[in-house]
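Undergrad: Protein sequences appear in the order of chains A and B. Sequential numbering from 74 applies to the first sequence in our numbering. Sequential numbering from 265 applies to the second sequence in our numbering.
Heads up, none of these hints are tricks.
To spell it out: a stretch of chain B is covered by chain A in this simulated footprint if at least three of its residues, at any positions, have a beta carbon under 8 Å from a beta carbon of chain A; those stretches are:
1) 343-349
2) 556-566
Over 10 Å on every C-beta distance to chain A, these chain B residues come out as not near it, computed from the model:
3) ASN287
4) HIS387
5) VAL603
6) HIS616
Some chain A residues near chain B, calculated using beta-carbon distances under 8 Å:
7) GLN77
8) LEU81
9) ASP194
The hints are simulated quantities; they were obtained by calculation from the structure and are not laboratory data. Only a predicted model underlies this, so the values are computations on that prediction, with no experimental measurement involved. Glycine included, every Cβ here is placed at the ideal spot set by N, Cα and C.
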Amino acid sequence: MIEQSSYLSILARAPAVDVKSFAEALIPMLDDIEVLQNRTGLVMLPMRDTVRGELFYAGEALLAEAHVRIRGAEGYAACLGRDLQQALAIALIDAAYTASTARSDIEAFVAAQAAAQAEADAALCLAVARTRVQMETF
Amino acid sequence: MYVAAKGGERAIQQAEQLFRELNGTFDATFVRLIERHMPYLIDRVMGEGSLYAPELAALALAQTGGDLYEAVLLLRAYRSTQPRLAYAEPLDEAHTFTVRRISAAFKDIPGGQYLGPTLDYSHRLLHLDVLDGRDSAPASPDGATGDPIDKTGAADLPFDPHPPALTDWHRRYGLLAPLPDLPPHDPASVPDVTRDPIHFPAPRAHRLQSLARADTGGVLALGYASMRGYGMIHPTVNEVRLGYADVRLRHPVSGALFSAGRVRVCQGEVVTPAGSGSDAHPSTNGAAPPAALNPGFTATIGWNEVKVIAGAMLDLEMEAANAHPAHREEFVLYHTEAVEASGFCIHFKLPHYVTFNSSLDAIRRAYAAVQQAEPQ
Chain A
74 MIEQSSYLSI
84 LARAPAVDVK
94 SFAEALIPML
104 DDIEVLQNRT
114 GLVMLPMRDT
124 VRGELFYAGE
134 ALLAEAHVRI
144 RGAEGYAACL
154 GRDLQQALAI
164 ALIDAAYTAS
174 TARSDIEAFV
184 AAQAAAQAEA
194 DAALCLAVAR
204 TRVQMETF
Chain B
265 MYVAAKGGER
275 AIQQAEQLFR
285 ELNGTFDATF
295 VRLIERHMPY
305 LIDRVMGEGS
315 LYAPELAALA
325 LAQTGGDLYE
335 AVLLLRAYRS
345 TQPRLAYAEP
355 LDEAHTFTVR
365 RISAAFKDIP
375 GGQYLGPTLD
385 YSHRLLHLDV
395 LDGRDSAPAS
405 PDGATGDPID
415 KTGAADLPFD
425 PHPPALTDWH
435 RRYGLLAPLP
445 DLPPHDPASV
455 PDVTRDPIHF
465 PAPRAHRLQS
475 LARADTGGVL
485 ALGYASMRGY
495 GMIHPTVNEV
505 RLGYADVRLR
515 HPVSGALFSA
525 GRVRVCQGEV
535 VTPAGSGSDA
545 HPSTNGAAPP
555 AALNPGFTAT
565 IGWNEVKVIA
575 GAMLDLEMEA
585 ANAHPAHREE
595 FVLYHTEAVE
605 ASGFCIHFKL
615 PHYVTFNSSL
625 DAIRRAYAAV
635 QQAEPQ
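Using the sequences provided together with the hints, build the complete structure.
TA: Set out below in structure tokens:
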């Protein structure tokens, strides 16, 4: 069992082509797919001012979102960018998982994506760590 | 007075065609190349356009032949066609993968200083050999192009990509005033310059949002004037931080928090000893300062260090009771708005025949009146 917050985050960051391909393979197992929403729009990006502690909007981001229903189970996704198919694919995966359809396949796919992302993060961590600087004064 | 003009449709069509012919056409591959290889340019367009959309920022640059102001305008115009769907959870240090963090004020900061991806300490030499066919490569410590970065093995010290805010450390030691008791945040109720006009003195949220989307050149020009001596302060960079922040949203059905992806963000803080400059910090009301340092802050989407450093200095300047006129809040915020400023500037290219001739007529009448009044 994977936490919803975890798999939605991993799928939003995964390569869109892989997510779409995986969702495509799921579709035959899903019947009566109802697309409630599939659109692009904006999300406001509030940020906390570190010196006064107040919130302000650092900007906005373009995102694609999808909301689907499959046999009573609702699925939702939002991912940065304007790829409506990517959002729809993730929403379908979310609905399938909520409806306990193809759970082991989904878990395996998410685990593989999570491993790739963890590896990329670890590599970046290491590269940044090597730029640590110890300043000396004379 | 503005008067409508008509005509010139064919000339306009031909002018646009000539623009494409002289500046080259573009396609999806070219746009992807810009997105991949010009990230700082993309960041600047997104920051000033106030819309995080790297693909569209690259398209805007391609479509305008690299004209920054036109590209920013295209992005802002696109933004206006999109509905507002959600408010993310506040971007913060705990959910930002930091890749660069430096301080010019304190050399030993908790979590350490990391140069991250930067050319700050590189030789400013053109790699002319690239023009002769040699591939570009990361620079080695001696400045020559050398081996790619080593991604294997371990670092000397572990790196935490989520270091705490340096200002929290300052507050523990009384260098900064404690944060006031703020009500629980509601991201949807933050004052928003895209929906409400700015009234002065502006809410801090308006000031910081305006700086976040301000024209980089404008912020730099006014900030540089402060640095050169027109300002009241001489601050030090407390922290510059670059990172990838998670955009966290709530699932509308379950309420679960998840990340819709990461955005590049940067923030800058400057500090100056409290009471320094020609006047005391207004929050001290002339009394003994509550803490040793007065801070300034600016952040933006995308990585743009010049803008956040200059912006943070202007944030401090705008707090001064008798700031230079060019560093007062109204002056800074109104004159660094990229689209309004560039738009007003280029509007002068449009036909002003009626207004200009009206002025000429007035001058001619004045001359005639003077000549008539003069004794023969």
